[in-house]
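*Asks:* For the record, the sequence lines run as chains G and R. Quick note: the first sequence uses numbering that gives the first Met the number 0, first residue 0, plus one each step. Quick note: the second sequence uses numbering that gives the first Met the number 0, first residue 0, plus one each step.
No lab work stands behind these hints, which were simulated from the structure alone. Given the structure is predicted, the values throughout are model-derived calculations rather than measurements. One or more of the hints may lead you astray.
Any copy will do: because identical chains look the same in the list, a pair fits if it lies in one copy or spans two.
What the hints assert, rightly or not - Straight-line C-alpha distance at most 30 Å; calculated DSSO-like pairs for lysine-lysine:
hint, residue 1, residue 2
1, 315, 339
2, 72, 136
3, 136, 315
4, 315, 211
5, 50, 309
6, 263, 292
There are 2 protein chains.
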Amino acid sequence: MQESFNIASSSGSYSVALGSDLLAQVIAAHPDAIYMIDERLESVLPDSITKRILITANEISKSLECMPEVILKLRELGANRTSHLVAIGGGVIQDVATFVASIYMRGIPWTYMPTTLLGMADSCIGGKSSINMLGYKNLVGNFYPPVDVLIDMAFIQTLNEEQVVGGLFEAAKICYARGYPEFLAYLQESPAYPMQADNAQRVISRALQTKKWFIETDEFDQNERLLLNFGHTFGHAIEAGSDFGITHGIAVGIGMVVAVEYAKQAQLLTPVGISHAEHLISHVKALLGEGLKRVVAHPPRIDLALIMEKFNNDKKHRTEAYRMVVPKGDGNLVLISAPKTDAVRRDIELAYQSGLAAIAYPQG
Amino acid sequence: MQESFNIASSSGSYSVALGSDLLAQVIAAHPDAIYMIDERLESVLPDSITKRILITANEISKSLECMPEVILKLRELGANRTSHLVAIGGGVIQDVATFVASIYMRGIPWTYMPTTLLGMADSCIGGKSSINMLGYKNLVGNFYPPVDVLIDMAFIQTLNEEQVVGGLFEAAKICYARGYPEFLAYLQESPAYPMQADNAQRVISRALQTKKWFIETDEFDQNERLLLNFGHTFGHAIEAGSDFGITHGIAVGIGMVVAVEYAKQAQLLTPVGISHAEHLISHVKALLGEGLKRVVAHPPRIDLALIMEKFNNDKKHRTEAYRMVVPKGDGNLVLISAPKTDAVRRDIELAYQSGLAAIAYPQG
């Protein structure tokens, strides 16, 4: 069953549709568009689609240094100011498409079809791009939402358990960030692997409808929307510290566990707050699995000194203070600034230690 | 005497101030900002300003390939999401600053101080950037206005006659585009070289207040604002066809002459329209000067075949039709689509011939 809703943005409203067979609808609606697609998915395009830009879904492809090559392809395919771009793929394809569509001839309209659960349940709305530059991860980027987002449930079946669980962590993050009642309502939709199309659509719909509130309230990431960084500052350090051996979605789940441990360490939570935050953590742990059923069968050993270095260098911090999204009081999220003192650094390190121990990931 | 007004934009309103001593005010207000400045102007900065990025004002500096180097300097100077960028210079510096400020950590606030008349009277508001890529001029760009624009009349005295006249052509274009009465009112401000500070401020203020209507009515260049391309499609071909021996501002003046010739050739004008358009042309011719008083003392010989090739490749055209801003009827500007037929191409070529003849520029 198809459903749709709109997102308001400063550059006009855009639509989000969820359902089956949407790829066929896009192709029928845009036979002459330029299709930018994850090279591994190229076979979903019919032969009638001849204007194609294939993207390898890796960190190099989403670097500023690689943009001229992609834009040159647009030019060679004859794109002008009225051309339409259709992007099909996960986060890297979304980042490249957002950035390129925003600057090609000062902006062309585009359609996005996310193919990962992380894209479907979270990043496909909000209009952000994150672009690497000269080895700095996500140093540049911008805001340029597509004119429509079409989420075809058929792509769910192409995802493995790690990809689904990573996406579910972002979905859980959004709902928990909105408040404990929203998180409880989300859990009613049975977010777990494996997912069938109808189950997936309900989970994705709830996450996106919740995220809609954040991005309509704070489009440019100045206030409320910053709460959606929950799990990210702690998680990015794990991603980078494992040399990306731990994927973004999984790292966000672990990052939420560490953030809760930090809040406990720094005594920010009331007993009610602890019970709400622990409920989230038990959900994360259940999705990560244990023993032979672990999603990441052999997690890499995590070097705490390296993690702390990566954490220190995160661009979200200020010169004098760490900026972290953590649960506080009765468990609602807040953005806190903690001075860069030895005591705070020790709390952060202890939070990593106890967080990684809680999920039985090796550290050293 | 200082004056100021606001411009409304989708990302919030920004202020424009005109007056003297504004550079000193900016430096007092932003002692810790990062200053991006035309390297030829560096001496205007006091020693207390230590965070500097020097830009060579040429076409290479505003290419997408050069952006990583500039952004790396921002990073090395310690810029974070709350850092402020102050850009001081002409069009190239504005283009680089707009683009870089828009994407660095997804956007940082910036202040712009234009130092050319073209920047002061036209491009400093509207928020556009134009960036070259792999040899394609202005193929990419975006919209990202500064938080304030400060126009210090002291910079007027650093400009030569060709630079002043080029800026006046853009100012005349804006006022004519708004309508013949606005153009007559503009002429009352005595736009001519040399200009004193008070005279310059009145000319600039009138041009900007007129442009304000266009960009507030049509921020993203979809309808009314497109009329400000008057002189540009014809002019860009002259710029490119002379290998940039004819500067942008001068080329826009010549482009307006050619556009009027086209309208006459294609019989688009009533007798009233011809008289209004001729009034503009006589203003352009007066500014270009003649004989020994010519602004461009030795204009390069213009190769018509090359000009036609450049005109054909302009990115503003559609696949099937040329798009041109020309006076029509009683002389008001319109955006027309003319089919790419031999007859239309002949009219365009004849317009170039008679336009260049009217200003006594050599052609062949």
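*Asks:* Now, for every hint given, state plainly whether the structure supports it.
*Replies:* Consistency of the hints with the structure:
no.: 1; hint: 315 to 339; in the structure: within (13 Å within a copy, 53 Å between copies)
no.: 2; hint: 72 to 136; in the structure: both (24 Å within a copy, 16 Å between copies)
no.: 3; hint: 136 to 315; in the structure: within (12 Å within a copy, 35 Å between copies)
no.: 4; hint: 315 to 211; in the structure: within (23 Å within a copy, 36 Å between copies)
no.: 5; hint: 50 to 309; in the structure: between (41 Å within a copy, 26 Å between copies)
no.: 6; hint: 263 to 292; in the structure: within (28 Å within a copy, 80 Å between copies)
Hint compliance for this structure: every hint is met.
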